[in-house]
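Student: Starting from the two chains in their separate frames, assemble the complex, guided by the hints.
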Amino acid sequence: NAGVTQTPKFRVLKTGQSMTLLCAQDMNHEYMYWYRQDPGMGLRLIHYSVGEGTTAKGEVPDGYNVSRLKKQNFLLGLESAAPSQTSVYFCASSRLGSFQPQHFGDGTRLSIL
Amino acid sequence: TQLLEQSPQFLSIQEGENLTVYCNSSSVFSSLQWYRQEPGEGPVLLVTVVTGGEVKKLKRLTFQFGDARKDSSLHITAAQPGDTGLYLCAGPPMEYGNKLVFGAGTILRVKS
Numbered sequence: 001n002a003g004v005t006q007t008p009k010f011r012v013l014k015t016g017q018s019m020t021l022l023c024a025q026d027m028n029h030e031y032m033y034w035y036r037q038d039p040g041m042g043l044r045l046i047h048y049s050v051g052e053g054t055t056a057k058g059e060v061p062d063g064y065n066v067s068r069l070k071k072q073n074f075l076l077g078l079e080s081a082a083p084s085q086t087s088v089y090f091c092a093s094s095r096l097g098s099f100q101p102q103h104f105g106d107g108t109r110l111s112i113l
Numbered sequence: 114t115q116l117l118e119q120s121p122q123f124l125s126i127q128e129g130e131n132l133t134v135y136c137n138s139s140s141v142f143s144s145l146q147w148y149r150q151e152p153g154e155g156p157v158l159l160v161t162v163v164t165g166g167e168v169k170k171l172k173r174l175t176f177q178f179g180d181a182r183k184d185s186s187l188h189i190t191a192a193q194p195g196d197t198g199l200y201l202c203a204g205p206p207m208e209y210g211n212k213l214v215f216g217a218g219t220i221l222r223v224k225s
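Those protein sequence lines, which keep their order, are chains A and B. Okay, so the first sequence: first residue is 1 according to this note's numbering, each after it adds one. Okay, so the second sequence: first residue is 114 according to this note's numbering, each after it adds one.
Worth flagging that the hints you see were computed from the coordinates, not collected in a lab. It cannot be assumed that every hint is accurate.
[Stated by the list, open to error] Below, simulated DSSO-like cross-link-like pairs (lysine-lysine); rule was C-alpha separation at most 27 Å, straight line:
1. A:K70 <-> A:K9
2. B:K169 <-> B:K183
3. B:K212 <-> A:K70
4. A:K57 <-> A:K71
5. B:K183 <-> A:K57
6. B:K183 <-> B:K170
7. A:K70 <-> A:K57
8. B:K169 <-> B:K224
9. A:K57 <-> A:K14
10. B:K212 <-> A:K57
11. B:K170 <-> B:K212
12. B:K183 <-> B:K212
13. A:K71 <-> B:K212
14. B:K212 <-> A:K9
15. B:K172 <-> B:K224
[Unchecked claim] In silico negatives: residues of chain A with every beta carbon more than 12 Å from chain B:
16. V12
17. K14
18. G16
19. L22
20. Y64
21. L69
22. K70
23. K71
24. Q72
25. N73
26. L75
27. L78
28. S84
29. S111
30. I112
Just so you know, these numbers come straight off a predicted model, no measurement behind them. Glycine is no exception: its CB is placed at the ideal position from the N, C-alpha and C atoms.
Here chain B stands alone, though its shape is the one from the complex (with noise of 0.2 Å):
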């Protein structure tokens, strides 16, 4: 059982369409961290949230933590083909210190 559960595993979409990405945990983080990967490199960060309600936006992506600090999703409208990737949160536990755990990811796929 992974600590961040990730939903959808696995998400094809249409250019254009919004969508939503879940990231749970039974655990309280500290932070989470969002990164995309694209086949063949390493992950990069998109955002870290920090604070229980806290919202970001990066361009066409919103990324929330919810209050408890346990949660945390990431919304894209209008996917364009070029969004596609893995979707990857992470966050240090609170009894973990700095130590990352990672999701098992969420393979997003725009078609235009």
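Isolated chain A (complex conformation) (with noise of 0.2 Å):
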């Protein structure tokens, strides 16, 4: 039972370098989620979806770009990485309704030089 995987889990980038962090799940959620972790600030939302072929802005969408082409998929990707965007990074999946859980992935650390 996977769950929300993600991958890569580890990647250096240089400054203005672009790639695509890929997440899936396999419980048939409809919504997904990217957050970034940086210390003392907890998670933030980037980008968020509420099924296939809608992407919404989060609380810190600017520099990222996201896909949701299929129910199981989303793709986050930066197209030109900053050393501010060095962060871990978790994809997240739930249910639709209220008072759902969110179902974390286990995160890719990214560190742009």
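Tutor: Printed below as a string of structure tokens:
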């Protein structure tokens, strides 16, 4: 029972490079989310999706783009990486409806040099 | 300024001691969730509290939601080394729909 799977687990990029973080869930959840976690700041929502083909901005969307072409996958892209984007990125998914828990992947640790 | 303020930020205690972690806001939340996160892993849900004044118990952990639904607390009785981790509170403010905002977290270290 995989749950939420994130790839890669670690990555080092140079400033200006681009990359895509992949998230896959096998729980048939409607909602999917991308967060970044920085020391002393908790988890901050980057973008989220309430269903296949739909995305919306969260609290800190600048410098990131997302796509949800298939219900089970949610991709996070960095077009031109900056050192300020060094962080641990978490993907999560949840069922439709209030009070539903979010199920998290194990994170991608991204360093931008 | 975070919408959810957690305190303390860091707690180091001996095995067997009791502790309380607080989660406070000036906003009203439709519910509050508590997650626990271990190094190298994602957060895992412990409990969701929904009703103002609600108290939920999970073995040695007691969770309380404030009457006004602006605050919550987590109390651990007789802490054990296995309780070590990062504890996060999170919830959807009434005006946010289903989106969660997270507190910065409390790092708990229980020494044997």
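Student: Checking one constraint from the list: CA of K183 of chain B to CA of K57 of chain A, max 27 Å. Satisfied?
Tutor: holds (25 Å)
Student: Would you mind confirming whether the straight-line C-alpha gap from K169 of chain B to K224 of chain B stays at or under 27 Å?
Tutor: Judged against 27 Å, a Cα distance of about 26 Å means the pair holds.
Student: Given the hinted pair K170 of chain B and K212 of chain B, is their alpha-carbon gap at most 27 Å?
Tutor: holds (25 Å)
Student: Decide, holds or violated, for the assertion that all CB atoms of chain B are farther than 12 Å from the CB of L22 of chain A.
Tutor: At roughly 15 Å from the nearest Cβ of chain B, L22 of chain A sits farther out than 12 Å, so the non-interface label holds.
Student: For the pair supplied as a hint, K169 of chain B and K183 of chain B, confirm whether the alpha-carbon distance does not exceed 27 Å.
Tutor: holds (17 Å)
Student: Examine each Cβ of chain B, and state whether all of them lie more than 12 Å from the Cβ of L75 of chain A.
Tutor: holds (18 Å)
Student: Tell me if the straight-line CA distance from K212 of chain B to K57 of chain A falls inside 27 Å.
Tutor: holds (11 Å)
Student: For the pair supplied as a hint, K183 of chain B and K170 of chain B, is the alpha-carbon distance within the 27 Å limit?
Tutor: Between K183 of chain B and K170 of chain B the Cα gap is close to 20 Å, so the pair holds against 27 Å.
Student: Is the Cα-Cα distance between K212 of chain B and K70 of chain A 27 Å or less?
Tutor: Holds, at about 21 Å.
Student: Given the hinted pair K70 of chain A and K57 of chain A, is their alpha-carbon gap at most 27 Å?
Tutor: holds (18 Å)
Student: Measuring Cβ to Cβ, find out whether Y64 of chain A lies farther than 12 Å from everything in chain B.
Tutor: holds (16 Å)
Student: Does K57 of chain A pair with K14 of chain A here, judged by a C-alpha cut-off of 27 Å?
Tutor: Since the Cα atoms of K57 of chain A and K14 of chain A sit roughly 25 Å apart, the hinted pair holds (cutoff 27 Å).
The structure agrees with every numbered hint stated previously.
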